[in-house]
Each structure stands twice: as C-alpha cells, then as structure tokens.
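Using the sequences and the accompanying hints, generate a full structural model.
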Amino acid sequence: VNGDPFELLRRLSPIRRERVTDEDEAQLAAILRGGSSRSNVQPLRPRRNVAAAALVVAAVLATAAWVVLRREEVTNPLQVACHRTASAVGDLHVVPMRGDPVSSCAPLWTDGTFGNGLPGRTPLSACTSADGTAAVFPGGAEVCASLGLAQMAPPAAADLVLHELETRLQLLFGPSCIPRADAPKVIESVLHEMGLDDWSITLSAPLNDARPCAATEVDARERKISIAARTAQPLVPPASVKP
Amino acid sequence: MDGGERVEDGEVDAGAPHRDAFTSLYRQHLPAVRAQVRMWVSPDDVDEIVSSTFMTAWQKFDDITNGSERAWLLGVARNHCRNRFRARRRADALTDAVTRVTPPEFDPMAARPEPDEFTPLLRALAKLTDDEQELLALSVWQELAPAEIAVILGLRQGTVRVRLHRARRRLETEYQRLQQGGVES
Numbered sequence: 001v002n003g004d005p006f007e008l009l010r011r012l013s014p015i016r017r018e019r020v021t022d023e024d025e026a027q028l029a030a031i032l033r034g035g036s037s038r039s040n041v042q043p044l045r046p047r048r049n050v051a052a053a054a055l056v057v058a059a060v061l062a063t064a065a066w067v068v069l070r071r072e073e074v075t076n077p078l079q080v081a082c083h084r085t086a087s088a089v090g091d092l093h094v095v096p097m098r099g100d101p102v103s104s105c106a107p108l109w110t111d112g113t114f115g116n117g118l119p120g121r122t123p124l125s126a127c128t129s130a131d132g133t134a135a136v137f138p139g140g141a142e143v144c145a146s147l148g149l150a151q152m153a154p155p156a157a158a159d160l161v162l163h164e165l166e167t168r169l170q171l172l173f174g175p176s177c178i179p180r181a182d183a184p185k186v187i188e189s190v191l192h193e194m195g196l197d198d199w200s201i202t203l204s205a206p207l208n209d210a211r212p213c214a215a216t217e218v219d220a221r222e223r224k225i226s227i228a229a230r231t232a233q234p235l236v237p238p239a240s241v242k243p
Numbered sequence: 244m245d246g247g248e249r250v251e252d253g254e255v256d257a258g259a260p261h262r263d264a265f266t267s268l269y270r271q272h273l274p275a276v277r278a279q280v281r282m283w284v285s286p287d288d289v290d291e292i293v294s295s296t297f298m299t300a301w302q303k304f305d306d307i308t309n310g311s312e313r314a315w316l317l318g319v320a321r322n323h324c325r326n327r328f329r330a331r332r333r334a335d336a337l338t339d340a341v342t343r344v345t346p347p348e349f350d351p352m353a354a355r356p357e358p359d360e361f362t363p364l365l366r367a368l369a370k371l372t373d374d375e376q377e378l379l380a381l382s383v384w385q386e387l388a389p390a391e392i393a394v395i396l397g398l399r400q401g402t403v404r405v406r407l408h409r410a411r412r413r414l415e416t417e418y419q420r421l422q423q424g425g426v427e428s
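Chains as they are written, first to last, in the numbering used here: chain A, 1 to 243; chain B, 244 to 428.
These are computed hints drawn from the structure, not numbers from a lab. Glycine included, C-beta positions come from ideal geometry on N, C-alpha and C. Treat the hints with care, as some may be off.
Chain B side only, calculated, beta carbon under 8 Å to chain A, not exhaustive [as the list claims (entries may be wrong)]: (1) T266; (2) R270; (3) L273; (4) A275; (5) R277; (6) S294; (7) M298; (8) W301; (9) N322; (10) R325; (11) L364; (12) A367; (13) L379; (14) V383.
Quick look at the structure:
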C-alpha cells in the first residue's frame, strides 16, 4: 500500500460510509408518487429594510446595464442547458449541442418534453452561463440580462456549428473508407441535417489506386467542403478532433 | 420516453416494472451520487441536489443506458449543481472528504490504513488543483472511465485522458516525495 497512493485513496472512498436511510426511502416513495419530500425551492428572505432593498436594486440595475451589453463565448461545445421558463432555477434539460444552442433546445417544446409548446410566438435566446455553457431560455434578447447572464456571442455560435460539422465528418470519414463516388451524398446528408443547405461540395484531388478513400476539408469562409483522396489507412480517432 | 405514462392530468402511472427498476437504481447509486455531490456543493445543499437528480432520473428513466447509470446520474447531478448553485465547488472538497473518513465508519472488512500511511496521501492531495482532485474522485472513487467523465464534465475524452494522466502523475510524485522526505505529524 505504501507505494500505491491510488489503492490507499480507493480504500478511503467516502462512498463506503454513505447509507440509504429511512429518510432516503421516504424520498424515494415521494419521487415515485411524482413529487419530492424535500423542497427544492429556496424561500425568499423578506427584505429587512428599505435601505438594504434600495441598495440591492441599485446593484442589480448596475449589473443589468453591464450584462445587456455583455456577450461571452461558450467554452463547452458539447452540451447546452435548455430551460423551460425564463428562470435559472426552473425545469431544465441538458442536451447535446447540435449545431447552435437554440436549435438544440427547440425540439423540447415540440416533442412534449416542455409541455404544449411556447406561448404565442415567444422566441428562444441563448445565453452564456457562468461556467461557459450555453443556456437557452424562452424570451427575447433581454432574457439573458434579466437573469444576470451574458448573451451568447454570435461568433461562438458559428464556431460551434463549424465544430459540429467537422466532428460529424471526421466520425464518418475518419475511421471508414468511403469511396469518393459516395462521398457527396454522405456530405449532403450531413449538411441537410444541420440545416446548412447553402454549403457547396467540390472535388479537389484526383482519385488513384493508392488513395481510394474520400477525405474532407471544411472551408468555413467559402462555406464549402472539398472532397480529397486519402489512403485506406484510418485517420486519427474522432476523440482527437479539435474544435 | 418518460418514467411512466401520463394517464390523466397530474397523474402518472409508471407500472410496477418501472418502479422496481427505479427503486433498484436509487438504492444502488444513491450513496455514490450523494458522496460526489458533497464535493460539489455545501452540506446544506446536498439533499436538494440529490433529490432533484433522482427526480430527473425518474422523469427520464428510459433515457438511462444500461451500464452507464452512475455516469448518467452524476452528469445530471453536476448540471443541477451548476445551474442552481453556480458551481460553488469547495476548494478542499476531496481532501476534506478523505479527512472525514473516521475509523468507525470505515469498512471494517477492509484493511484500515495506519495514520502514517495516509498522512502523506492527504498532503499530496492538497498539492493538487481542484480540477485534478475532481478528476481523481470521479476516476478512483466513482470508478468511471474517461469517456464517462468527459460527458459529466463536458470535456473531450482526449482532454480528460490527458488531465487524468497528469493528475495521477502529480499525485504519485507528490506522494513519493513526501514519503521519502519523512512523514511529519
């Protein structure tokens, strides 16, 4: 044990001392009934005095003025938190990022997850949460500021779409040898699924016996995907795709 | 698909098989989820996060893949922590969790380390960053694979592998250095 700190650490696991108590069993029963025996809403504390309240309002207004103008990029390209209401403590679902955050969350309002759709023609807005994850709320652009969050910076959204596109293509064309004749149809399918129907596809390098498989190059500026030829050896694993 | 079929407004009939499976899931994974949540939030918030996590699990029960239940639950728990408490992770979470393991609560069937054995470990852990401690907790205590940790933390699998490797090396190095230098009380 002396030479292996991990074995020692493993033996000190705090999981061992956690037990399922009677209170936990009551909680289980409550969940199965469709509720919770433990309140998950913190009661608001009453304002002690006017001066304190005024101070808070002033601070909030000052903060709001700042965050209205503030835009931040997301640093988590894989997930987006979809909120059912314009509240940071309401019902939320975390879904994989597919394209942009709003498109990733929108299906939750149409598949019944968030009830019977958005009231009226309420838009969805993407904010950047404190830890760099995209968070989508029902409401206009002002919803981010009202929650103390920065709006998601548009360049980041474009980057995310690009990253998603590159990842998808890498997953398709990296491990497998797709004949170049089949490549345009595969790429078209990906572009269509991502709503990128205005992108074009071109053939770049000639095919030969030594390079029988298709490879892709994404040109974001020209919104173009070039099909090149590569050897039959699989490319780098998808996990190493860079954003 | 939800944990049960909605038969009337506000009423859910999930069926016995769902209930039994969820009950099993709850009892099996509650200790691990609660232990991990203790590292992410202050003690007063633990019950709320754990409760919310399993409520989500019940609502999304059919989304949970066999064999990756713990990772799924921890991912949900971390999201609840992040969204409700703005990641108020405690800086000394892992070392504090280890320190709180007192002998009477420790598994009596397992060999208990002598104090001199785990003093250097605690000191070595204290040298690690919060992120490194979190990775080690998820890897060593929760016994999760890098791919599962990547989903929970919202990182790439390759990034997790690299960071985990560094964290393990740092712990080993610090631990050996402290052992060679003698253990202070």
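Each hint, compared with the structure:
no.	hint	result
1	T266	holds (6 Å)
2	R270	holds (5 Å)
3	L273	holds (5 Å)
4	A275	holds (5 Å)
5	R277	holds (5 Å)
6	S294	holds (4 Å)
7	M298	holds (5 Å)
8	W301	holds (5 Å)
9	N322	holds (5 Å)
10	R325	holds (6 Å)
11	L364	holds (5 Å)
12	A367	holds (6 Å)
13	L379	holds (7 Å)
14	V383	holds (5 Å)
Figure legend: structure checked against the earlier numbered hints; every hint is met.
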